[in-house]
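**Student:** Can you build the whole structure from these sequences, using the hints too?
One line per chain: the protein sequences are E and Y, in this order. Heads up: the first sequence begins at 1 in the working numbering, then just goes up one per residue. Heads up: the second sequence begins at 1 in the working numbering, then just goes up one per residue.
Just so you know, these hints were derived from the structure itself, not from any lab. Heads up, a few of these hints could be off.
What the hints assert, rightly or not - Some but not every residue of chain Y turned toward chain E, in silico, with C-beta under 8 Å:
| no. | residue |
| --- | --- |
| 1 | R76 |
| 2 | S409 |
| 3 | A417 |
| 4 | A425 |
| 5 | A427 |
| 6 | M428 |
| 7 | V430 |
| 8 | L438 |
| 9 | R534 |
| 10 | Q551 |
Idealized CB from N, CA, C, for every residue including glycine.
As a plain string of letters, each chain reads:
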Amino acid sequence: MTVTDTATTGHEAGRVTVLEASSVTMRFGGLTAVDDVSMRVHEGEIVGLIGPNGAGKTTFFNCLTGMYVPTEGTVTLKGAILPPKPLKVVRAGMARTFQNIRLFGNMTALENVMVGRYCRTSSMALTSILRGPKFKREEAATRERAQELLDYVGLGRSTELLARNMPYGDQRRLEIARALATDPQILLLDEPTAGMNPRETEETMGLIFKIREGGLAVVVIEHDMRFIFNLCDRVLCLVRGSLLVEGTPDQVQSDHRVIEAYIGGDDEEESV
Amino acid sequence: MSRRILPDSVRATHGPKAPWLALAGGILFLLSGLLSWSYDDRILGDLSIRFYPAGIQLYAMLFGVIGVILAVLLLRRPPWLSPARGLRILGTTGIVFVVWIIASVAYQSGGLINANEGGWVALVGAVLLTLAGHLSPEVDIDVRRWPRLSSTLEIVIIVVLMAILLFTVAYTLDIQDGVIFASFLIALIGLAGGLLGTGFGGYLGFIGANNRRPLLLAAFLVAFLFPFTQDGSDANMSIATQVLIFATTALGLNIVVGLAGLLDLGYIAFLGTGAYVAAMLSSSGFATIGWKPPFVVVMLIGAATAATFGLIIGSPTLRVSGDYLAIVTLGFGEIFRLAMFNLDGNNGPDLTNGPNGIPAIPDLELLGFDFGEVHTVAGIPLGRFSNYYFVLLLLLMFVMLVFTRLNNSRIGRGWVAIREDERAAEAMGVNTFGLKLLAFSVGAFLAGLAGTIKAHQDTSVSPDQYVFLESAFLLSAVVLGGMGTVVGVLVGATILKLLPEKLREVNDYRLLVFGLLLVVMMRFRPEGLVPSKRRQLEFHEEDQELSELLQAEHLQAEHLDPEQLEPEHLQGAK
Ligand SMILES: Nc1ncnc2c1ncn2[C@@H]1O[C@H](COP(=O)(O)OP(=O)(O)OP(=O)(O)O)[C@@H](O)[C@H]1O
Ligand SMILES: [Mg+2]
Chain E
1 MTVTDTATTG
11 HEAGRVTVLE
21 ASSVTMRFGG
31 LTAVDDVSMR
41 VHEGEIVGLI
51 GPNGAGKTTF
61 FNCLTGMYVP
71 TEGTVTLKGA
81 ILPPKPLKVV
91 RAGMARTFQN
101 IRLFGNMTAL
111 ENVMVGRYCR
121 TSSMALTSIL
131 RGPKFKREEA
141 ATRERAQELL
151 DYVGLGRSTE
161 LLARNMPYGD
171 QRRLEIARAL
181 ATDPQILLLD
191 EPTAGMNPRE
201 TEETMGLIFK
211 IREGGLAVVV
221 IEHDMRFIFN
231 LCDRVLCLVR
241 GSLLVEGTPD
251 QVQSDHRVIE
261 AYIGGDDEEE
271 SV
Chain Y
1 MSRRILPDSV
11 RATHGPKAPW
21 LALAGGILFL
31 LSGLLSWSYD
41 DRILGDLSIR
51 FYPAGIQLYA
61 MLFGVIGVIL
71 AVLLLRRPPW
81 LSPARGLRIL
91 GTTGIVFVVW
101 IIASVAYQSG
111 GLINANEGGW
121 VALVGAVLLT
131 LAGHLSPEVD
141 IDVRRWPRLS
151 STLEIVIIVV
161 LMAILLFTVA
171 YTLDIQDGVI
181 FASFLIALIG
191 LAGGLLGTGF
201 GGYLGFIGAN
211 NRRPLLLAAF
221 LVAFLFPFTQ
231 DGSDANMSIA
241 TQVLIFATTA
251 LGLNIVVGLA
261 GLLDLGYIAF
271 LGTGAYVAAM
281 LSSSGFATIG
291 WKPPFVVVML
301 IGAATAATFG
311 LIIGSPTLRV
321 SGDYLAIVTL
331 GFGEIFRLAM
341 FNLDGNNGPD
351 LTNGPNGIPA
361 IPDLELLGFD
371 FGEVHTVAGI
381 PLGRFSNYYF
391 VLLLLLMFVM
401 LVFTRLNNSR
411 IGRGWVAIRE
421 DERAAEAMGV
431 NTFGLKLLAF
441 SVGAFLAGLA
451 GTIKAHQDTS
461 VSPDQYVFLE
471 SAFLLSAVVL
481 GGMGTVVGVL
491 VGATILKLLP
501 EKLREVNDYR
511 LLVFGLLLVV
521 MMRFRPEGLV
531 PSKRRQLEFH
541 EEDQELSELL
551 QAEHLQAEHL
561 DPEQLEPEHL
571 QGAK
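**Tutor:** Written out as structure tokens, the structure reads:
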């Protein structure tokens, strides 16, 4: 029910382009990990990115967020070209999570999210030392917003837990909260349900819908096809670095090339 | 953090014997105080007479007293105390203590044969205590469940403890004999550790955390009162000012190393920059610059120059990985020394008088207060070093303020994130380069500030004061004391500065001793003597037990305002 519902609203509302990647290519020596991939994400849209292992999905995310400098191609956010610098990308309004969770393990959940607020706050050395009213106000606001976000992703009771002591599924959600703390316009999620049980996966789907309701665009990498096809308005399938198919979940689902790619990909993996 | 060196089966079968072992150990220690420790009566304050304990024998008896107390506690098994931990600390330190004395007796009197029965009896006692500690069961203690005292009573406890501290420090510094001095320090660690390790330490820490302001105030009061215990003698005050300069500089370095996680191997050069600026702008006859601004201006110029140097070497290197910074700072330290050595007019401008340095720097004069003169306050004469001691104390307070406030802020969180995962921090919007550069230049600034006072205190500057070894010592103080904490660095700096002053015998081998000390530390307690909880977690990444333990005690209690702590107090009271 939600599927058809959201799919239609997504397409109707999503005419303003938030993110546009044009002809992004990433080569590592002889290997072309991402080959001339273009992608357009509209406001309030959930886009899925699928593909067999090693297809270049994570590398593509790294190119979008400036963690890799693409060999060719440009990335624009709301019409402005993004320099390939992670810091500038976040400030411009694109945040991400990591496939291999990269939380600050020895900080509490709350502190992790507070770090996410860094780029939206401004107290520098002198302010911090003098502790004037501005510092106190900002610090309190940071704390409050971080707590809000923890509640939002359903971790309101884990505030004081060390990130490294949290269950796997909670860590994934904490990463989302930390990314949301940077006030992004678009959120990139790299396998947000990997390692989750069916119930947690269901909850995460609800969370992503909720984030979209808040006006954000979301790009999701996942291997769980049921999850992707239920969640996304549009799906892109990468194979060996190139964009193979792009379309609605129904179109991609029934495309025989996608099925072949997956069977081929699995073979490759087994032969390694 | 229980170190289980005995297998569980042994602990299970022999555990019940632990209290009796501890009791025997304590009694042996008590007994040893009444026995002779040395055949030779000319060394270590005469330990040769039986039934008439002198200094070191008294310390041994104190080990016995605490050992007996812990043994009784172990028998009674109060559920809120963990005597096992206390016993382990007491016993292990006891072994070190006894071995140190036996070795000293043997060394000073020319043979192990001169070590009499007392030491051996005590050694058996120490081993028994350690064994008892390892055999007895661990009690999980949560000091927050201990009865809450009224806040007045808590403050009284703090004041009493601080008074004890003051007198202990005064007593310690009055011990002239190096070996006795060291044995007192070892005994102090063992006795205090034995008592506090049972859980009292955690409780006191808890009380301290609830009364941060009074604690800080009392600590500074004690530090402020210290010169008044010295009766106008400059001997200890000169050491105390040395310690203060060293500690202040080390604390500045701890911002760079402990908070931002950067390795700076040439930090002493920033201290030197401040000192040289002050010397050049002083009214010394050898000063090379004609301008003599007021000292406050000199301080700012010195600090700003140091910070500028910090920016110059930091900005190209901090963009790349941290290893480069270590190498570049190492080089910078040498360049600084060589530049000071060579800027004597023969090559380049005459700024520093070359190898001779700038001597005869006059004493400071602030607001008509001459630092070179003896001032009498409340009938107690305060000499030249006391005067410098007070300014340096103010400076230390300032550096502490900068340290803690930066640590507990947006910037401090950014530093932790950088230490944890620099790439992820950047991807989450933390300006990693900017924050590293900030730490580096704030560190340089503070060292420069300290340097300007140091120049006047030393009355001279010369290149050989700023060799690489000094940077290494500063770094050792940080690592030994605890990266990322104030108290740790103060402890580390005090130990590293005080030991060679008092232990002349060690002075020749101090590099060897410090090196060994660091190796041992790295193996057994890499987080330092007084670690920050966060650093402790970082050093024990795989220790799940520890992480849950520390998570339970608020990670950064100082983060919380007293108001925010309030609800918890109420819960505890119910
Ligand atoms: N820094 C790098 N240097 C060299 N090769 C790389 C680098 N990063 C990724 N690759 C290669 O690029 C290819 C694509 O990897 P990527 O991690 O993007 O795949 P993926 O689609 O995310 O796969 P998975 O589903 O397993 O996460 C792989 O062959 C990988 O080995
Ligand atoms: Mg991937």
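**Student:** Go through the hint on A425 of chain Y and say holds or violated, using the shortest Cβ distance to chain E against 8 Å.
**Tutor:** Cβ of A425 of chain Y sits 7 Å from chain E, so the hint holds.
**Student:** Should the hint that L438 of chain Y touches chain E count as held when the rule is a Cβ pair under 8 Å?
**Tutor:** holds (6 Å)
**Student:** How about V430 of chain Y: closest beta carbon in chain E under 8 Å, or not?
**Tutor:** Since the shortest Cβ distance to chain E is 5 Å, the answer is holds.
**Student:** Just to be careful: measuring from the Cβ of R76 of chain Y to every Cβ in chain E, is the smallest value less than 8 Å?
**Tutor:** violated (35 Å)
**Student:** Under 8 Å, Cβ to Cβ, is where A427 of chain Y needs to be relative to chain E, so tell me if that hint holds or is violated.
**Tutor:** holds (5 Å)
**Student:** May I ask you to test the interface hint for S409 of chain Y with respect to chain E, counting a Cβ-Cβ separation under 8 Å as satisfied?
**Tutor:** This hint holds: S409 of chain Y lies near chain E, its Cβ roughly 4 Å from the closest one there, short of 8 Å.
**Student:** Would the hint on A417 of chain Y be counted as holding, given a Cβ-Cβ threshold of 8 Å to chain E?
**Tutor:** holds (5 Å)
**Student:** Is the hint on R534 of chain Y kept, meaning its closest Cβ partner in chain E is under 8 Å away?
**Tutor:** holds (6 Å)
**Student:** Hold the hint about Q551 of chain Y up to the distance rule: shortest CB distance to chain E must be less than 8 Å.
**Tutor:** holds (5 Å)
**Student:** Against chain E, with CB atoms and a cut of 8 Å, does the hint on M428 of chain Y hold up?
**Tutor:** holds (5 Å)
Hint 1 from the earlier list is the only one contradicted by this structure; the remaining hints agree with it.
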